[in-house]
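Chemist: Same order as they appear, the protein sequences are chains G and B.
What the first sequence shows, in the UniProt record's numbering, is residues 1 to 737, in sequence order.
What the second sequence shows, in the UniProt record's numbering, is residues 1 to 737, in sequence order.
Do not take every clue at face value.
Identical chains blur together in the list; that is why a pair holds if it fits in one copy or across any two.
[To be verified] Heads up, simulated SDA-like pairs for lysine to any residue below, C-alpha to C-alpha not over 25 Å straight-line:
1. K277 x T255
2. K587 x E688
3. K710 x L148
4. K590 x Y733
5. K590 x R731
6. K710 x T149
7. K710 x L145
8. K258 x D585
9. K710 x D215
10. K399 x R486
11. K587 x S732
12. K382 x D370
13. K587 x H216
14. K5 x Y733
15. K710 x R101
16. K388 x N675
17. K587 x P689
18. K710 x A116
Keep in mind that the hints were calculated from the coordinates and are not lab data.
Number of protein chains: 2
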Amino acid sequence: MGLGKRTDYGDAKYAGVQVPFTGDVPATVEAYSLCGFDFVVTPLVRDNWRPPAPAVPENGSLPSPFNRDDCLYINSSQWANQVVGQVSDWIQPDSPDPAVRQQSVAALRHQLGWAAHLGLQAVVLPPPHRPARCPNYAQVLSQALQGLTHMALWLTVPLVISNQSEQDQQQGAQQGAQGQGRTEQNGGAGAAASPAGPGALDGWEAWHQVRAQCDHHNLLGAALLVGPTLPSAASLDRWRGESVKAVLLPTAVFTANKRGYPVLSKPHQELLAMFFKMGVQVVLTGEACHDVPPPAPPAPGAPAGAAVAVGPDGSPLGFSISNPGEAHPLRPYWDYLCFLFRRLEAVGEQERQEASYRDYLQVPLQPLQDNLESQTYETFEKDVQKYKLYEEAVYKALKDKLAAAAASSETSSPYDLPIASTSGRGSGRQHHHQTTHGSSSSPAAAAAAASGGGDGGPVVVLMVVGAGRGPLVRASMRAASRAGVRLRVYAVEKNPNAIVHIQQMLRSEGWEADVSIVSADMRHWQAPEPAEILVSELLGSFGDNELSPECLDGAQRFLAPGGISIPQSYTSYLAPATSHKLHHDVKSYKDLEHFETPYVVRLHRHHLLAATQPLFTFSHPNPSEPIDNSRYASVTFTRDPAAGAAVLHGFAGYFECSLYGDVLLSIHPPSHSENMFSWFPIFFPLREPVYVPAGAPVEMQMWRCCSAHKVWYEWAVTAPVAGPIHNVGGRSYWVGL
Amino acid sequence: MGLGKRTDYGDAKYAGVQVPFTGDVPATVEAYSLCGFDFVVTPLVRDNWRPPAPAVPENGSLPSPFNRDDCLYINSSQWANQVVGQVSDWIQPDSPDPAVRQQSVAALRHQLGWAAHLGLQAVVLPPPHRPARCPNYAQVLSQALQGLTHMALWLTVPLVISNQSEQDQQQGAQQGAQGQGRTEQNGGAGAAASPAGPGALDGWEAWHQVRAQCDHHNLLGAALLVGPTLPSAASLDRWRGESVKAVLLPTAVFTANKRGYPVLSKPHQELLAMFFKMGVQVVLTGEACHDVPPPAPPAPGAPAGAAVAVGPDGSPLGFSISNPGEAHPLRPYWDYLCFLFRRLEAVGEQERQEASYRDYLQVPLQPLQDNLESQTYETFEKDVQKYKLYEEAVYKALKDKLAAAAASSETSSPYDLPIASTSGRGSGRQHHHQTTHGSSSSPAAAAAAASGGGDGGPVVVLMVVGAGRGPLVRASMRAASRAGVRLRVYAVEKNPNAIVHIQQMLRSEGWEADVSIVSADMRHWQAPEPAEILVSELLGSFGDNELSPECLDGAQRFLAPGGISIPQSYTSYLAPATSHKLHHDVKSYKDLEHFETPYVVRLHRHHLLAATQPLFTFSHPNPSEPIDNSRYASVTFTRDPAAGAAVLHGFAGYFECSLYGDVLLSIHPPSHSENMFSWFPIFFPLREPVYVPAGAPVEMQMWRCCSAHKVWYEWAVTAPVAGPIHNVGGRSYWVGL
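Could you put the whole structure together from the sequences, leaning on the hints where they help?
Modeler: This is the structure we're talking about:
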């Protein structure tokens, strides 16, 4: 029935429960469904079942059939949706004993085959018994994955693996990762600098071993087994980028609140919240082990178990059981999960709209090469916050111009003036003359130029380059109105289709006298007079990736000395990232090109291995002669050793832009402009995932390359190990000039 | 003119010389050609040439043309073959100074473009100035390589990089890696555990950084700069597997012998010999710097410079100069190189024949699935040594049988007997009956069976399974003759074409009465009587890879209790290997399949990262019930930290086989049977080269998997980092049953 009616956290609303072997699937599903759970996780065979003799079946011989009573039996596809199979926990494909090993491999193959036959959606696999050494386990899974088309394998991965004997580990896994903290020597990788604390192994290492051998197959996921002790938040964060399919939550991990109800510690609550937000399902495991008091009507206002017994609205949730007479012993746990799920903050409207774009690869726009569609402009224009920032930037620039003009008493030439005087009529005429080559230079614009500044106030020449359907014209006009400045605006736009919309706007706003429309490419247009302010919105997700530098270099020809470019400067930022989803999606194209293309992505299930580092900065106007927009940067990302090892799938990119003065426009997480949604981050993939040992720095090289007709990036990882340069010579991806 | 007339060491016979900038190529080539050198290495531009202003050319702008006097000018393609270009040594694409960096990048592009235009075969690149950090250098090379189709880039790699300031390194490189041993701090990778000794960087690390970023491009090679101090032999050995194109040998590295002639130290001689054998050319660099006495007729028997002045035949070589009057100052160096080259041991006939197979990938035979061609059999049969070993094994087995028979006084049943008595006629008849289903069961064979053992001596039943054209029949008959034992031989062969050859052999040898030909698959044939000895030659390069185990399991049905299989057992061996050539060749197929296929290869330019480890063993007869021929092994290869880091391209495989008792047949290097050439090693490639840090162990997993219709291997590297399992489920390569 779901943990709550809300739909904003995807699959996370469905909770499962691990139950003993059942001979009657419909009855079991029904029983737990009454208790609230949406699906059951149940053994595929009886605990004592072993592969029939010969104990060592010859490879290639047919596996012996199951006995009907020994195995999970589902005769209706409707139940298959509500049942997740569980592979026997005794299976040890990497046992040092060859007999155990062979029996384990045979049993594992047998059970996986049976689960696939039943059409189950997923199977939970026991944790590797030797976490640091599980090649045989990985090999059997790898072979099985080759034959699977839809059934997922959920490998149980204890978040923390206590460094104890294998026998104990087996029990621990069955009982829900109890028995932490013992320190018997087990050896193996991950023990050093373990983020799991002293005497414990990092469960992530076991996971990585298996999935690396399985070549990062998409049907292999992790079912994280939560223990009573949690690793550091930094190490938990790695799982955001991994293929986590479920969280296994043993009842033993719960504590009792004052009223005796099972509740979770604050860190456990935060862990669950994190996974709920990632859309990860919870599976309750183990028997009820809390003495819940007999149901009684909750006394209103009674002192409840602090954080847990009171809902977000302050009313006592009381864990009331709908049918007290039939109360299932696990019901209080389910009630508590419902409580945790329901009290998650509501997902904002914007994020909800962006949900369908989460971790979805988009090839960046090429606005210079292609003309955008009206709908694309419309989407951009919905970003009210962005244009408010532009308005503020223009406003501040105008105010500064006014102040400078006031400070300067004498004026001799309009070219020396911070603000063109109304006597600058000659330029106005010249403009009229020039714009005739623009197809949509309207008579109204000419009239505006002729009458411009007729009121005697100061007139500022402002050019919007890349005006699109006109939102920056609107923002500029508003700013001018606030500043009490009269503008002479040139709206330069190369897309003839977009201009029609500007014309319409000018007519409806009555701005025809103040705004001239110029249908031209800003790089080639001959401006009739110098501009004091140049406004543009040419930035891509990585700042310069839509060729803002090249466009503005071309446009700055008609900027007056001392003129202002809005934006003034912008800087790109990068961070190394884990994202199984994105790696898998890029890999699915099965070619080199897609691994050498940056993507615009609403990053969701991802983990940043380290804080971002600044990369390339561009400032406008650019006084260099000649201007060199090629760039190179080598950046080193240092990592917290306590966060453990991680896998690197690529780099997340952002930008931060100074529009004017302190008006910042940013999608860089530490400074992200509030409520602004025009840009998703950019993602630079890597051809092969890179294992990054705990504490090892990541070093990457990035080049912005320019040729006569295109601009492109090349990138490479040089530490912890040197890898190939991606997109050499722009062979796979470039932006056309 | 070549260092010698011998052709057995390939290109190594051609030596080059590094010369200053020349404005007259024909004259320069001619001058050095007179001195003996086959080609010159000369700067592409004058030393003081710099890219013309603008110092920072805008990317995409055309490079300024050279001035005719500033650059190497070749107006005839005939000279291009004798000239290798040298890129200016001042170039520092990774200089911390952006201006130097940009000028370096521009100059490097400029010079490479010019060299390609001239049609040079190769260009020598200066060593990275910052060996541990040269991403920009790598990026320019990577871009250049994209556009090259035949011109090779030879990156100068000092074997040892003294850990000094960059300025010093520059000079050191120009002067031939002098100035070793200074210990100024430079930092960077490779300093720790450097195989180059304390205070020195491992040149291999710089090489690896560059070529990894260049994605292991085949046109990028190393020109190894030899210094006065050499690193350890273990670290030098790594270069065997790398793409080494030339050895740069500075005159300053030579010492003077007692007579004042330039000679090399013993380690340097060994180094040169190693590269000569790999077919690597030597380039002499620097000015003559030894005071060679004026030419005088060498006094016969005069005490010469120990190891160097006396030829292998004891006669003084004397470094006589053909034209004393015109003697070039570098002539004594060239003479010495000639001396070193000429005294290399002659390549044996067998190795010479195999030269064309060196590092050439062959997909293993599938003798079970396919019938071999007569020519293939003929090639096999040429291996006299192999059949001598078989003869010896059969001889010893027969001797042991005789001894056992003598020890056993009472005989009751032929099945208990180590040797079938002559009264075993019934079996003979049965055989006659059975073999009628074989198409070539000749009347002669029946007659042989009828008359078998007529002389009353002991008769041993020996079956050759997979008789081919009969070489094992011949070896067995010879052994029997030596042992004084009469054999009743069944020659079982599934290829009906091969049988014709056996028939011919029996006729010419007069063995028709002793040998029955059975045209059948040994796995399905019903033998007329039990065999006491089963002889087969079903081994592949990896022992079991041509399905010897499966075939012999099938054939052992007709082995008498206590019967002997020749071979008795065999074990496969593996070692991690560097082989740029093989990696490149596999990669050239541009698909996954070829990376998941083992190849039979005459390994030549390869380096084993560690000693071999045993993998799978099979013994015959196999008493297990049921027989399981699947295998799994996890092997760890430990490495000498002093050997430095290395790159892993795959695994070299071998086998060792006990034919009978102490008769060993082996292609495992430590025990390789002398003069036996039937098997080349096997090579298991890896999809991606793996960087193995100095001292880090390599761990690999290998599975031999069996299904009803095929057998295949799967393999994976799990340390230093876990990688994907190759050939999952036999998807790319298998051997059909």
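Chemist: Mind listing which of the numbered hints don't hold for this structure, in increasing order?
Modeler: 8 and 14
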